[in-house]
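With the hints as constraints, model all of the structure from the sequences given.
Sequences listed follow chains A and B, in order.
With the first letter of the first sequence counted as 1, position 65 gets the number 65 in our numbering; the numbers rise by one all the way through.
With the first letter of the second sequence counted as 1, position 107 gets the number 107 in our numbering; the numbers rise by one all the way through.
Hints may contain errors.
Stated by the list, open to error - Computed cross-link-like contacts, DMTMM-like style, restricted to lysine to aspartate or glutamate with a CA-CA straight-line distance of at most 20 angstroms: (1) A:K2 to B:E68; (2) A:K50 to A:E34; (3) A:K2 to A:E64; (4) B:K7 to A:E21; (5) B:K127 to A:E36; (6) A:K37 to B:E106; (7) A:K37 to B:E68; (8) A:K10 to A:E64; (9) A:K37 to B:D104; (10) A:K35 to B:E70; (11) A:K47 to B:E70; (12) A:K35 to B:E68; (13) B:K10 to B:E70; (14) A:K47 to A:E64; (15) A:K12 to A:E64; (16) B:K127 to B:E68; (17) B:K72 to A:E34; (18) B:K72 to A:D39; (19) A:K47 to B:E106; (20) A:K37 to B:E70; (21) B:K127 to A:E64.
It should be emphasised that the hints constitute simulated quantities derived from the structure, not laboratory data.
Given next are the chains, with one letter for each unit.
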Amino acid sequence: MKNKVRELRKHKGLTQEQLAEVIGVSRQTINAIEKEKFDPSLPTAFKMSKLFDLPIEDFFHFEESHSM
Amino acid sequence: MIKERKKHLKNLGLWTWSWVGTLAIATFGPKFIWDDHTTLTTFAIITNLANGVLMILANRKLFNHYDELERKIHLESLALTLGLTVIVGLTYSLLDQTNLIPFDAEIGIIIGFVGLTYMITLLINRKRYL
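In C-alpha cells, the structure reads:
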C-alpha cells in the first residue's frame, strides 16, 4: 500500500522516534511503514489519522493489484 | 516503552537462566550431588518444571508487549519453525525406525533444530521487514 507517512511526519516536524512514541509502536515499525514494507493495523492508521488531522484515505492509497 | 521492554527482557533472561540452571541440577544432581535420592530427584524435576512455566509466562508478557510488526515477524518465524519441526522431526524419527541412521534419534537434536530454525527465520524476517 502506498502512503505519505514520511511526508506528513516531516511536515509535522517529528522524528520517526517521536512519531513512534505518540502512536505506541517501535521506531522500526514507523520506518517499515514509511518504506511501504509493512501495512499498519486499523487502530494504528486511525491514530495517525488523528495526529495528522487527515482522513486515512488521504495518506494511505489502496492498490487492488498489490493486495489481492 | 523502551524501559518497559528492558524490564520484560530482563525478566525473561532471569527465568531462562534459572530454568537452564535447574535443568542442569535435575540432570546431573542425581549422579554427582545426591546419589540417586528419589525425593530429591523428584523435587529437582518439579522445580525445573515450575521454572519452565514461569519462563513461558515471562516470554508471553514480552510477546504481548511487542508492537504489530514485531508480532508479525515473530509469528511468521514461529509458524515456519513449527512446520519445519513437524516435517523434519517425523523424517528423523522415520530414519531411526528404519535403521537408516546408525544411532538412536535424540530429542536434543530436535530441540537444537527448533532453536536454530527460529533464529534463522527470525533473521530472515527481520531483514525482510526492517
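Going down the list of hints, with the structure as the test:
1. A:K2 to B:E68: At roughly 19 angstroms apart (the allowed maximum being 20 angstroms), B:E68 and A:K2 satisfy the hint.
2. A:K50 to A:E34: 17 angstroms, holds
3. A:K2 to A:E64: Given pair A:K2, A:E64 holds - Cα atoms ~11 angstroms apart, limit 20 angstroms.
4. B:K7 to A:E21: 18 angstroms, holds
5. B:K127 to A:E36: 14 angstroms, holds
6. A:K37 to B:E106: With Cα atoms ~40 angstroms apart, A:K37 and B:E106 exceed 20 angstroms; violated.
7. A:K37 to B:E68: The given pair, whose Cα atoms are some 13 angstroms apart, holds under the 20 angstroms limit.
8. A:K10 to A:E64: Distance ~28 angstroms between A:K10 and A:E64 Cα, so the pair is violated.
9. A:K37 to B:D104: 45 angstroms, violated
10. A:K35 to B:E70: 16 angstroms, holds
11. A:K47 to B:E70: 18 angstroms, holds
12. A:K35 to B:E68: 16 angstroms, holds
13. B:K10 to B:E70: 18 angstroms, holds
14. A:K47 to A:E64: This hinted pair is violated, its Cα atoms lying about 24 angstroms apart.
15. A:K12 to A:E64: 30 angstroms, violated
16. B:K127 to B:E68: Holds - the C-alpha atoms of B:E68 and B:K127 are around 16 angstroms apart, at most 20 angstroms.
17. B:K72 to A:E34: 17 angstroms, holds
18. B:K72 to A:D39: Measuring from Cα to Cα gives roughly 11 angstroms; hence the hint holds.
19. A:K47 to B:E106: Violated: A:K47 and B:E106 sit about 50 angstroms apart, past 20 angstroms.
20. A:K37 to B:E70: Since the Cα atoms of A:K37 and B:E70 sit roughly 13 angstroms apart, the hinted pair holds (cutoff 20 angstroms).
21. B:K127 to A:E64: 26 angstroms, violated
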